[in-house]
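Protein chains: 2
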Amino acid sequence: MQAVMKADRQRVLVAMGSHLTVAEKTSRRDLVTNVDHSNEDYLVERIRELDPQAKVLAEEGRGDHVTSMRGHVWIVDPIDGTMNFVHQRNHFAIMVGYYVDGAPTLGYIYDVVADRLFAGGPVVGVTLNGQPLAAPADLTLSEGLFGASGPLLIANKFQMQRVIAASLGARILGSAGVQIAQVLAGELVGYLSYLRPWDFAAGRVLAETLGLVVTQVDGTPVNMLSSGAVLVATKRAHRAVLALAK
Amino acid sequence: MQAVMKADRQRVLVAMGSHLTVAEKTSRRDLVTNVDHSNEDYLVERIRELDPQAKVLAEEGRGDHVTSMRGHVWIVDPIDGTMNFVHQRNHFAIMVGYYVDGAPTLGYIYDVVADRLFAGGPVVGVTLNGQPLAAPADLTLSEGLFGASGPLLIANKFQMQRVIAASLGARILGSAGVQIAQVLAGELVGYLSYLRPWDFAAGRVLAETLGLVVTQVDGTPVNMLSSGAVLVATKRAHRAVLALAK
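Chains as they are written, first to last, in my numbering: chain A, -19 to 226; chain B, -19 to 226.
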């Protein structure tokens, strides 16, 4: 699957240099492009070849109608951070997560322009561009930078402003994949945003493999078939955020 | 000077891999490291060789006590985004600006890890890694992403929350150099933050060369010898922000 991700990166870089067809989904801030669609087709096809019996849950609807995590389930985000993809041609990710009977099994986050591929899972460990990635230090909230989303921060949802005040500062990049990758790399002690399953499916596998914690903001388990406010953080930062984020 | 910047990048990447000595300046969020100091020494020495008569205004105080912009003035930020440098080993910049009798003349912003060197000025134009950089499209605020600082956004200083609401969204990276570079590249339509001279000296030269506008948030000219809330934006986004940012 890493080879598929790498081939896919090349496809996306080429497509990014051509004319994009951009459409709004639910609002002017919720975009989809021809590349999201063609890239989802590509990934879903590769997954069907690798694992014909599996179900595929994909953001743009090219996969299956998945109502249970039983068996093999692949969760695909062909372009995470489409707003950045369209307006920055940078700071977006391709993500694939693989679950077996609900168990996080493999995850892939490819920060395309930075050329950082995070890959792995509980059996094989996590690699960054093929090199083993060590677990990030278990820093607490006050010892690190915290990844936020603009709307949550401005609305002060979940006491985000208190969370940021307790941290060393907010960072907002507009892509769950890029920001979860930063938590994996130890660049952020945590990330909190309202996420859909494909936004955090890959990141959950990788994060849990590295000893990070992934839950809803109220501390309850995430559900891979529904959306929620999801917190990805070091163990210590996770505790600190839960205590603040009422 | 581009060769100096490139050599300097290599020095910083090597130093970044060694043990950092970190000290707080005015607060736990205002850091300085041994690399800021050694790198400022390096840049100030190179500038003294190139332009012995010039005055040098440098963040960490290795330069001169500069009280006038008359003659040749170099303004140096050896590591912009020191918090990111320390906690992310990523998303920081080296910046040098050159002014002659107050006129913006040459600017250099090097986003070190991304390996993006923006260089140039009004006579030679602006290059990105040696290739001519076209002026970004003159998009207005509602057509693009806007670069903010966490503290201004949370405190809603200058109506930042209204500014963000009018844009396509906030991006916060924690480095003036990296974010001004994103405005140059057309990845953001503007950036507003409280900045010191070395935070925007290079960016002002490059931005104005590309037809972007750099003023204080009240629309008055920036002063290269004092700090202020500085807005770097496309012409149209600049007008839109000034109308909102009371």
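Worth flagging that the hints you see were computed from the coordinates, not collected in a lab.
One or more hints might be untrue.
Pairs involving identical chains hold if they fit within one copy or between any two copies, as the list cannot separate such chains.
[What the hints assert, rightly or not] The calculated lysine to any residue pairs, modelled on SDA-like cross-linking and capped at a C-alpha distance of 25 Å, are:
{"#": "1", "residue 1": "Lys35", "residue 2": "Ala83"}
{"#": "2", "residue 1": "Lys(-14)", "residue 2": "Thr120"}
{"#": "3", "residue 1": "Lys(-14)", "residue 2": "Asn136"}
{"#": "4", "residue 1": "Lys226", "residue 2": "Ser18"}
{"#": "5", "residue 1": "Lys215", "residue 2": "Arg9"}
{"#": "6", "residue 1": "Lys5", "residue 2": "Ser122"}
{"#": "7", "residue 1": "Lys137", "residue 2": "Val46"}
{"#": "8", "residue 1": "Lys137", "residue 2": "Leu224"}
{"#": "9", "residue 1": "Lys5", "residue 2": "Ala146"}
{"#": "10", "residue 1": "Lys137", "residue 2": "His45"}
{"#": "11", "residue 1": "Lys215", "residue 2": "Val66"}
{"#": "12", "residue 1": "Lys226", "residue 2": "Gln(-10)"}
{"#": "13", "residue 1": "Lys5", "residue 2": "Gly105"}
{"#": "14", "residue 1": "Lys(-14)", "residue 2": "Ala135"}
{"#": "15", "residue 1": "Lys5", "residue 2": "Thr120"}
{"#": "16", "residue 1": "Lys215", "residue 2": "Asn70"}
{"#": "17", "residue 1": "Lys137", "residue 2": "Arg9"}
{"#": "18", "residue 1": "Lys226", "residue 2": "Leu108"}
{"#": "19", "residue 1": "Lys35", "residue 2": "His(-1)"}
{"#": "20", "residue 1": "Lys(-14)", "residue 2": "Asp95"}
{"#": "21", "residue 1": "Lys137", "residue 2": "Asp95"}
{"#": "22", "residue 1": "Lys35", "residue 2": "Arg69"}
Against the structure shown, which of the earlier numbered hints fail to hold, in ascending order? 2, 3, 4, 7, 10, 12, 13, 14, 18, 19, 21, 22
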